[in-house]
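Chemist: Okay, here's what each chain looks like letter by letter:
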Amino acid sequence: MFETLILMLDSTIRVAPPLIFAAMAGMFCERSGVVNIALEGKLLAAAFASGATAAVTGSAWMGLLAGVGVSIAFALLHGFATITHRGDQVVSGMAINILAVGLTVTLGRYWFDQGGQTPALSGDARFAPIQFPFEKELADVPVIGQLYSELASGHSMLEYLALAIVPLAWWVLFRTRFGLRLRAVGEAPAAVDTAGISVVRLRYTALMIGGLLAGIGGTYLAVAQTAQFIPNMSAGKGFMALAALVFGKWRPWPAMGACLLFGFLDAVAIRLQGVEVLGFVIPVQFIEAVPYMLTVFLLAGFIGKAVAPKALGTPYVKERE
Amino acid sequence: MFETFKLNFVEGFGFTGIAVALMGRNHPIGVILASLLFGFLYQGGAELSFEFGVDRNIVVVLQGLVILFSGALEHMFRPRLEAAYLKLTHKAEV
Chain A
0 MFETLILMLD
10 STIRVAPPLI
20 FAAMAGMFCE
30 RSGVVNIALE
40 GKLLAAAFAS
50 GATAAVTGSA
60 WMGLLAGVGV
70 SIAFALLHGF
80 ATITHRGDQV
90 VSGMAINILA
100 VGLTVTLGRY
110 WFDQGGQTPA
120 LSGDARFAPI
130 QFPFEKELAD
140 VPVIGQLYSE
150 LASGHSMLEY
160 LALAIVPLAW
170 WVLFRTRFGL
180 RLRAVGEAPA
190 AVDTAGISVV
200 RLRYTALMIG
210 GLLAGIGGTY
220 LAVAQTAQFI
230 PNMSAGKGFM
240 ALAALVFGKW
250 RPWPAMGACL
260 LFGFLDAVAI
270 RLQGVEVLGF
280 VIPVQFIEAV
290 PYMLTVFLLA
300 GFIGKAVAPK
310 ALGTPYVKER
320 E
Chain B
0 MFETFKLNFV
10 EGFGFTGIAV
20 ALMGRNHPIG
30 VILASLLFGF
40 LYQGGAELSF
50 EFGVDRNIVV
60 VLQGLVILFS
70 GALEHMFRPR
80 LEAAYLKLTH
90 KAEV
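So the protein sequences, as listed, match chains A and B.
With numbering that gives the first Met the number 0 applied, the first sequence corresponds to residues 0 to 320, in that order.
With numbering that gives the first Met the number 0 applied, the second sequence corresponds to residues 0 to 93, in that order.
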């Protein structure tokens, strides 16, 4: 029983990182007052860019660089449409999502000729699992041994980074001057402008931080979790991350909790496949649907009132005399 | 239409439907025009890939670009277009 729990927590940690990165990316954008439903597209585009680059150069780091670069480029496009030209933020996000779906498959087929996939990665082209010291020696110690060598050790760098990014995001948002201004610009941009701080610059910065984080999340999908890019591999994770963000009321720790919960449900779903209840095998499709049903259920009734940043979704128009 | 039900039958039509509604500016007539445009794109993409072996996913890229420029970047060209239009109509009056 304990071993099963450890295994499920282990797979939670493997599934959750893209959700956590995307949720933190969304948090920076939405706290600054820019709706970001383009997370899904950024994850997908970054996954493709990193998978393709890592396959061509044979280096996971180059892949990470390409993934982050493409994701930031999409973030800047989003900013150009919504901040500079004050376009509709939801429309812009949709456009980027659709663009990412089309571009990744088209370019993937054109460049690699494998039905949209990129070549499988191996060796240095992936982020290898990091083994903690004394892992082998401690494996036989009851409880602690399993916690240490099964759960804590043996993940790739990006998984540890995902867990480390949450306190960092909290510190930046709630303990620095930049974070205070960022939150203010999402609540009352006119006040921030009156104080002599550029609303446009702050929002662009927030979007670029979001692009960076979503880029790392996408890279994790293609270069660490799976060893190649597969068309539509983000599979709604960007939207799940948005749900987690609302779930966590736009706060880093609760949002991470929601991401881990979604990851855990995913692990449960995989674990429960083929399990018999009262002589019936539970259909796989039903179990795969459970996390989504639970999301709807929990979102509908159990999070209480989630209050969004006040200026969310409204472009800022400077008053002119 | 097909008198059968297939797995993943809608193929993202619902998703595209959001885009169509956005394109049509939430106006019934606009929606008809926008859905006609997207219908042309779908059918055109299928014909292109059948006749010339063009990747039909390029249609999705086109949809994205159409939404981006006509929806999200609507304010980019508007001032210049308005100025040009005013200039033209002004000349006609004189």
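The hints are simulated quantities; they were obtained by calculation from the structure and are not laboratory data.
Glycine included, each C-beta is placed from N, C-alpha and C at the ideal position.
Please note that the accuracy of each hint is not assured.
What the hints assert, rightly or not - From chain B, some residues computed to sit far from chain A (all C-beta separations above 12 Å):
(1) L35
(2) S69
(3) R77
Stated by the list, open to error - Quick look at which bits of chain B chain A covers, simulated, 3 or more residues with Cβ under 8 Å:
(4) 17–26
(5) 78–84
Chemist: State for each hint whether it applies.
Modeler: Evaluation of the provided hints:
Look at B:L35: its CB is around 18 Å from the nearest CB on chain A, clear of 12 Å, so calling it non-interface holds up. For B:S69, the shortest C-beta to C-beta distance to chain A comes to about 9 Å, within the 12 Å cut-off, and the non-interface label is violated. Once the 12 Å rule is applied to beta carbons, B:R77 is inconsistent with being away from chain A; the minimum gap is 9 Å. With 3 residues having a Cβ less than 8 Å from any Cβ of chain A, the stretch 17–26 of chain B passes the three-residue criterion, so the hint holds.
Counting residues of the stretch 78–84 of chain B whose beta carbon lies closer than 8 Å to any beta carbon of chain A gives 0, which falls below the threshold of three, so the coverage claim is violated.
Of the numbered hints given earlier, the model fails hints 2, 3, 5; all others are met.
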